[in-house]
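Colleague: Sequence:
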Amino acid sequence: MMKHFLVLLCCLCTFHSYSQTALFIPSTITGTTFNLNIQTGTKTFFTGYTTPTYGVNGAFLAPTLIMNKWDSVNLNVTNNLPVTTTIHWHGFHVAPEYDGGPGQLIAPATTWTPSFRVLNGAGTYWYHPHGAGKTDLHVSKGIAGMIIVKDSVEAALPLPRTYGVDDIPLIIQSKAFDILRQIAIATEDDTVIMVNGTMKPYLDAPAQVIRFRMLNGSSLRSYLFGFTSNLPFKLIATDGGLLDTSVTLTRIRLSPGERVEILLNLTGMTGQTLYLKNFGTELPQGIYGADTVGKGVTTIPGYYANPLNGADYDIMRINVIAPVSGALFTMPSSLATLSPWAVASADTIRTLSFDPATASDSSTYAEGPFVMNGAHFAMDTVNIITHLNNTEIWKLVNHTKVAHPFHIHDVQFYVVDINGMPPLPSERGKKDVVLVMPGDSVRFITRFEDFASETIPYMYHCHLLHHEDDGMMGQFIVSPYPEKVMNVENHVDLKLYPNPAIQLLNIDLIGTSAGRPTEFAVYDLFGGKMHTDYLIKKASIDVSGWTKGIYFISLFANGDVIHGAFIVE
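Last residue of the sequence shown: number 578 in the working numbering, and the count goes up by one each step with no gaps.
Keep in mind the hints are simulated off the structure, nothing from the lab. Don't take every hint at face value.
[Said to hold, decoys possible] Result set (DMTMM-like, lysine to aspartate or glutamate): computed pairs, CA atoms no more than 20 Å apart in a straight line:
| hint | residue 1 | residue 2 |
| --- | --- | --- |
| 1 | 286 | 401 |
| 2 | 504 | 459 |
| 3 | 546 | 517 |
| 4 | 143 | 160 |
| 5 | 538 | 551 |
| 6 | 78 | 176 |
| 7 | 304 | 389 |
| 8 | 404 | 364 |
| 9 | 304 | 197 |
| 10 | 547 | 517 |
| 11 | 78 | 459 |
| 12 | 547 | 502 |
| 13 | 404 | 436 |
| 14 | 557 | 528 |
| 15 | 143 | 213 |
| 16 | 304 | 449 |
| 17 | 78 | 253 |
| 18 | 143 | 459 |
| 19 | 557 | 106 |
| 20 | 52 | 187 |
| 21 | 404 | 356 |
| 22 | 304 | 291 |
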């Protein structure tokens, strides 16, 4: 314990003794066409050492993409790396073929060209690689950037929005370096803290209301952020955008993948210095970054040797300078209108269990590898099939000794409860990542709208990146056919084939229902009559020109109404 204290003291003293560097502000790309070149590079993080890196349109990190809701955007993503990679639009509601998961690989020297309409509301999102087994490596080496979405609701609010002046992006990451100062992964030696790729940064911030867009882009580490002297701030947005009302806080916890937007009022503080800090001593046990993980079992090797775990330390120095023209000095309370789905409206309730892959080995309860519902990730396995327009409640149950930030693609969700208790005001906004503590259960509600595919899946996974890379990930398909239609059972006397049909649908009336002319009708999902005819025992319909989808057939035979359903592909 004394050794750990001395190492920690040495580390923190060294941190303060180093000269500080002005915070790097990523460049921006605006408009509807975004040309992104993924490339190799080098960067000098430590004097005398050159570190190989990855970046987008530069040696390290990526530009901030600024988009407007409802715009149709085109992205040209060229892979100039010597290896295959991907780019996932984290938090975006897009069709599965444009999501950028492991199924949308970008080979070296090729360009991926997703196009989609921006359906997300105003908020802070991000983009990063998501290749099977390589996410940690590619993110750690530098491929990560923010996406800012704007809309009319946000534009009507009195908020800071001058990028880099009073609206500041903060990508906070911890990284590990080996003895040769090369970026290392899957190690607990993440002792270097960076903001926007800057070690020991400072920011000159005007004495007015400023907005921080904060992203935890770390592979493992969670943070409990606050400011010098417990200076209060207002939380205005979470992963999926604006809250309904601002929440006054002195601490905000962010696990990997999560984002928040906060307002900090520096009015009247010209000439003062304060710090954005991590209050690691206050993190609950079980979170990577707290003083204890894996209590009661063999813990993560090397965890207690890391001086940042369970420690308070500075993230960024803030030098308060004079206010700028057009400064804001007040902070709004009312923000956006949120409409969470009612629990009673859920069509389906699912449970996902987080477990060690080897339940009999207690050492794996904190270190892993881990599985979800007993399954490791496999590219050829779809773990869940949901249906277009389904409203669902997912219950996440953590049977391990480490907290897992759970992320789902495609949708935003609302947290329903945590261990049966309602979420805190700071947790009631739209989310796509939620931290599930050891032994806890978390329920969220969401709706699968707009996009569906019979063959292309979305992902869900732990956002501790080496957990994801080790297989703590699954795939789900949003079927284009509503669940209530898929569950229709055709009448025992009615045979429809082939089903799905492409050119001809054959109808056989069998058993006691057959034998005399019977009128039948076919309807689409909206009740529109597509076809009427008579049959005695058999009939055929040419469906080659019909729109793909579900259709219903109804007929009256021997005093009985007979129903069936079929698919046209």
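Colleague: All the hints need checking, so say for each whether the structure fits it.
Modeller: A quick look at each hint next to the structure:
no.	hint	result
1	286 <-> 401	violated (38 Å)
2	504 <-> 459	violated (32 Å)
3	546 <-> 517	holds (6 Å)
4	143 <-> 160	violated (34 Å)
5	538 <-> 551	holds (15 Å)
6	78 <-> 176	holds (19 Å)
7	304 <-> 389	violated (36 Å)
8	404 <-> 364	holds (14 Å)
9	304 <-> 197	holds (17 Å)
10	547 <-> 517	holds (5 Å)
11	78 <-> 459	holds (15 Å)
12	547 <-> 502	holds (12 Å)
13	404 <-> 436	holds (16 Å)
14	557 <-> 528	violated (24 Å)
15	143 <-> 213	violated (36 Å)
16	304 <-> 449	holds (15 Å)
17	78 <-> 253	holds (18 Å)
18	143 <-> 459	violated (30 Å)
19	557 <-> 106	holds (19 Å)
20	52 <-> 187	holds (15 Å)
21	404 <-> 356	holds (14 Å)
22	304 <-> 291	holds (16 Å)
Of the numbered hints stated above, those contradicted by the structure are hints 1, 2, 4, 7, 14, 15 and 18, listed in ascending order.
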